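What follows is the residue order along each chain.
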Amino acid sequence: LVESPIDVAATMALVARADAGAIDLFLGVVRDHAPDAEGRTWPVTLLEYEAYRPMAIAEMSRIVAEIEAAIPGVKLAVTHRVGALKVGDAAVACVASAPHRGEAFVACRRLIDEIKARVPIWKREHGPDGAYWVGWHDARCGH
Amino acid sequence: MRVRALFFAGAREIVGAAELTVDLAEGCTARGFVDALCAQYAALDAHRSSLRVAIDGAYAGWDDVIADGAEVAVIPPVAGG
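Note that the protein sequences, when read in sequence, are chains Y and Z. Quick note: the first sequence uses this note's numbering, first residue 220, plus one each step. Quick note: the second sequence uses this note's numbering, first residue 12, plus one each step.
If you are wondering where the hints come from, they were derived from the structure by calculation, not from laboratory data. Mixed in with the good hints there might be a few duds.
What the hints assert, rightly or not - So, partial list: chain Z residues that the calculated Cβ filter (under 10 Å) puts toward chain Y:
#1 Leu17
#2 Ala20
#3 Gly21
#4 Glu24
#5 Arg63
#6 Ala65
#7 Asp67
#8 Ala69
#9 Tyr70
#10 Ala84
#11 Ile86
#12 Pro87
#13 Val89
#14 Gly91
All values reported here derive from a predicted model rather than from experimental measurement. C-beta: ideal position from N, C-alpha, C; glycine also.
Hey, can you work out the whole structure from these sequences and the hints?
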């Protein structure tokens, strides 16, 4: 969990090894629009991420351990950024190495899916109509 | 007994604090903890079904019993990635 720009090469280096013929990398990047409650899109200028830091680190470690146990031969690492991010900034880098590409793709996909579902990190989207916490729908009307 | 209650994101804005000391009855469960908060903060009650609870840094089941001195976090819908 970092507050400065993610060092993607350093994250990949955590899983590189001589017996891995495949390294899969997923980057979650801040995009310039988001869907609103009615399914329309609205522009996003800034995203603020916050974390329950000790639990976020613990939960990411638990997810990595679960997937590594479930898919033999796979090694995983993840770096998530918090703080104020602009359009184009990477918020998360997930990497998976494996002897072959099939397991690497599956493991990397499972890693980002579990992170999005479980890790206690929140983001506040800023657009022309104000700011709201993603997933906390009433907040947009209430502020 | 007393616990440290932590609030994040939208829940923090409703409660107006990132951390509170909360008095709970002995044997209080995660469900009882959220019930007590929702009784106190109507705006939080509106989000009741989307909240999860973590005890000492790990997700808790609704029937898990909270120990004296625990760190109990109200977890709104997460949005990492």
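So, going through the hints one by one against the coordinates:
no. : hint  : in the structure
1   : Leu17 : holds (7 Å)
2   : Ala20 : holds (4 Å)
3   : Gly21 : holds (4 Å)
4   : Glu24 : holds (7 Å)
5   : Arg63 : holds (9 Å)
6   : Ala65 : holds (6 Å)
7   : Asp67 : holds (9 Å)
8   : Ala69 : holds (7 Å)
9   : Tyr70 : holds (8 Å)
10  : Ala84 : holds (6 Å)
11  : Ile86 : holds (6 Å)
12  : Pro87 : holds (6 Å)
13  : Val89 : holds (6 Å)
14  : Gly91 : holds (3 Å)
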